[in-house]
Amino acid sequence: MDYSIKIGGEAGQGIQTVGDTLAKVFSRTGFHVFTNQDYESRVRGGHNFYQIRFSDKPVMASRDKVDILVALDKESMERHGKELSAIGQIMYDATAIGIPAPKSQIPAANYLDIPFTKLAEESGGSKIMANTVATGAVLGMLGMDMDILIAIIKDTFKNKGEHVIDSNISAAMAGHDFAMKNCMKCSFSPNTAGLSFKPKMLINSVEAIGLGAIASGCKFYSAYPMTPSTGIMNYIAGKEKEFGIIVEQAEDEISAINMALGASFAGARAMTGTAGGGFALMVEGLSLSAMTETPVVIALGQRPAPATGFPTRTEQGDLLFALHTAHGEFPRIVFAPGTPEQAFYLTNKAFDLAEKYQVPAIIIFDQYLSDSEWTFEEFVPEKIKYTDYRLRGDAFKNLKEYKRHAYTDTGVSPMGIPGDAEHLVVTDSDEHDEEGHIVEDAETRIKMVDKRLFKKLPLIKREMEPPVLYGDNKPEVIITGWGSNYGIMKEAVDELSKSRRIAMLHFSEIYPFPSTDRFDYLNILKNAKTTICIENNATGQFARLMRAETGYSFNKFINRYDGRPFTLEELVKEIKIRLS
Amino acid sequence: MSKPEDYKGQTPAWCMGCGNFGILNAFKNAVVELGIEPHQFTIVSGIGQAGKFPHYLKCNTFNGLHGRTLPVATGIRLANHEMLTIAVAGDGDCYGEGGNHLMHAMRRNVNVKLFVHDNQIYGLTKGQASPTSPEGMITRNQPFGVFSEQFNPMAFAVALDCSFAARGFAGDMEHLKGLIKAAINNKGFSLVDILQPCVTFNKINTYEWYRQRVYRIEPEYNPEDRAAAFKRALEWGERIPIGIIYKNNRQILEDRIPAIKDLPLVRQPLDKAKSDITLKEFY
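These protein sequence lines are chains A and B, in that order.
This note's numbering numbers the first residue of the first sequence as 1 and each following residue consecutively.
This note's numbering numbers the first residue of the second sequence as 1 and each following residue consecutively.
No false leads were slipped in.
Derived pair list, reagent style SDA-like, types lysine to any residue, alpha-carbon separation capped at 25 Å:
| # | chain 1 | residue 1 | chain 2 | residue 2 |
| --- | --- | --- | --- | --- |
| 1 | A | K400 | B | M1 |
| 2 | B | K261 | A | G393 |
| 3 | A | K385 | B | Y283 |
| 4 | B | K272 | A | E382 |
| 5 | B | K261 | A | R392 |
These stretches of chain A come out as covered by chain B in the derived footprint (C-beta under 8 Å, 3 or more residues):
| # | stretch |
| --- | --- |
| 6 | 197 to 205 |
| 7 | 266 to 278 |
| 8 | 285 to 292 |
Pair by pair, the computed Cβ-Cβ distance ranges are:
| # | chain 1 | residue 1 | chain 2 | residue 2 | range |
| --- | --- | --- | --- | --- | --- |
| 9 | A | T410 | B | G136 | 51 to 61 Å |
| 10 | B | D225 | A | P225 | 31 to 41 Å |
| 11 | A | L453 | B | D225 | 51 to 61 Å |
| 12 | B | K272 | A | H327 | 32 to 42 Å |
| 13 | B | E220 | A | G12 | 56 to 66 Å |
| 14 | A | P225 | B | Q142 | 33 to 43 Å |
| 15 | B | A159 | A | E240 | 27 to 37 Å |
Simulated from the structure, these hints should not be mistaken for lab results.
Yeah, the Cβ is synthetic: ideal placement off N, Cα and C, and Gly gets one too.
The task is simple: from the sequences and hints, build the whole structure.
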């Protein structure tokens with residue numbers, strides 16, 4: 001079984017609440033869940049939707065066809081009615097959205113008019129509970145029981161009193177019972193036979209980045225709100241007290257990164273987050289991090305640009321920007337997680353390597369990844385690595401001599417905490433000597449560039465994991481991608497492997513570009529007949545990076561740049577075109 | 001007890017007679033008298049002649065970017081509010097490039113001491129107008145004279161309810177030392193705007209020009225009277241007041257943050273979160 005539910009309506013109608021609640025019901029039941037959202041840059045009105053796919057097998061992308069469409073407005077019926085699957089059903093409240101009769105091209109029996117508002121009012125609640133009725137009705141159509149939803153309602157409204165809880169439960173039950181009784185053509189049968197019934201965790205990538213940062217000992221997060229990175233700030237801000245973290249909303253992104261560098265210099269692990277436009281403002285600070293060798297982690301959420309672009313939509317257009325931006329030559333680390341799980345562990349790795357090598361580390365993601373929820377059995381906090389690379393307290397005091405930028409074999413100098421010892425910690429954005437004071441001489445300049453760049457870079461490169469190969473081990477066709485296309489490419493391989501020797505090569509550790517020492521991915525590419533690089537950008541930025549770093553050129557490309565992610569069927573179709 | 005010589009840093013590359021020397025000496029004497037050891041404070045500086053200030057001293061130093069001293073200083077204070085944190089910037093650095101940060105640092109009332117070397121001109125880039133250059137001043141880049149109105153840091157500070165706002169003069173070192181000490185002792189964001197002649201590029205605002213105009217604010221003046229402070233802040237031209245123009249007792253940012261109520265961030269256990277995180281909320 002593999003069902004997709006779509007909730008469509010205007011901004012402000014509570015689409016997200018219905019979607020989040022249903023996703024939670026499914027993940028707690030033990031299903032594998034994947035959700036994604038499509039919304040406009042506005043607080044009210046417009047057209048938005050939330051799509052949930054759930055199955056007894058792992059799912060990690062959206063499909064074209066919708067099995068249940070919850071239409072909270074007329075436009076949702078018109079736009080998404082044609083996406084209905086053979087067994088699909090549309091539920092709507094005819095009175096509320098003012099639709100007299102179903103459109104002719106869809107059999108009338110696929111429409112179920114459920115008086116969400118009326119049932120909400122009859123349940124002792126107000127019309128705002130219409131969404132609770134709809135949530136119950138979806139479970140009714142599916143023939144699922146209500147225990148989990150009732151538990152979620154009790155939890156959600158625990159601070160709002162008995163009456164609110166009771167009326168929401170009645171509203172949900174009313175929707176559930178109405179759908180059960182009236183949906184004559186409903187033939188859904190969610191298969192729970194193969195499930196362990198062990199609840200799965202449901203998490204999106206901004207939460208996973210936030211959680212990974214907290215687990216890594218991040219003590220300071222400064223940022224200016226910008227979609228799609230704001231969720232990280234929201235998540236960490238909710239944990240400030242519990243974990244002793246400061247989240248400071250800066251006046252602009254320039255301030256955000258400079259504050260993070262100040263906190264890091266003082267001895268706290270620090271992070272900032274933004275989108276492409278805000279990152280453009282941070283660029284000078286990125287260079288400052290490099291020159292002063294002050295570690296910082298930056299979460300960079302891509303969205304379609306240039307300029308303001310599509311503020312709430314998705315693109316992978318900032319890869320080369322993240323890699324090349326900022327004045328001067330210096331090493332940086334760039335990770336591009338493909339799932340919330342990778343986001344969690346790679347955020348930890350970003351902190352660890354940023355501190356270990358005293359360089360900036362960038363976690364690049366996009367709107368699609370940030371808003372998609374995935375299910376997992378668990379994350380393992382024990383796998384989180386924490387090593388304190390700083391010189392604190394007595395260890396610092398007991399040093400005879402201290403130079404913040406001392407030359408060493410690795411290029412990494414001891415990083416003392418200012419004030420912990422009588423030794424002074426001095427650093428400078430100007431070229432400086434070992435102590436950190438301004439210099440002008442050529443000899444020191446060469447030594448410092450060698451230290452910062454040439455000594456550290458090969459060491460960091462050795463830390464990078466090679467790409468993941470999934471599918472056939474001697475593939476004739478290889479689809480390659482990075483970041484958020486992990487899930488969709490993996491499903492496409494599953495779909496196409498029935499008829500072809502096909503595999504996916506996914507890069508999540510982008511820079512320094514992984515070597516072929518541990519896994520000769522270049523050899524696999526060279527032995528394949530067709531190699532397709534799939535990216536959500538117009539120019540094939542990763543393909544260009546691959547060519548620059550390895551000399552390898554892909555022979556086919558799929559580039560999508562309309563601000564939307566692929567659905568499984570769309571990507572499979574595009575791949576087939578490249579293979580024919 | 002340390003002596004001024006203990007704070008001697010690198011040899012200054014400033015012009016002979018530069019107002020910055022007066023500020024450097026006043027500063028050294030102030031920290032000696034306050035008994036603050038070099039490792040007990042951090043100076044964040046930017047770019048310009050003032051940016052080199054910490055190199056000519058002995059102290060923890062973050063010489064960062066042009067205009068960005070205050071965000072870095074704010075980050076340091078939030079990570080370690082036991083560290084005395086001083087920002088040193090020029091008029092172009094702080095009032096031009098970093099103007100937005102100045103406004104918000106005052107609003108936050110982060111306990112940072114800001115000393116602005118205000119020479120009313122750009123020195124390092126060789127003589128362009130700064131935000132505090134007088135209207136009409138002719139330079140190579142402003143051949144028709146400066147069109148913009150002169151920025152008034154004191155009136156700006158009073159308007160934003162800045163915790164401490166004072167004006168000093170590099171030519172009156174003893175008085176300046178007192179202001180630096182008062183700013184360091186004040187609990188709250190403190191701005192000391194220091195009039196500092198640029199002997200090379202500013203031929204208008206010379207030592208002589210300032211000496212004819214500056215006067216020490218009378219002891220009876222009450223700097224906690226905001227309306228009176230605003231009036232005094234607007235005084236400029238024939239007579240220029242030096243001294244504490246305004247102060248108040250606003251709560252500092254650091255005292256409002258629950259996470260650092262007991263310990264600064266840098267003194268907290270740093271590896272604990274790893275074992276404390278829970279995934280419960282995601283099920």
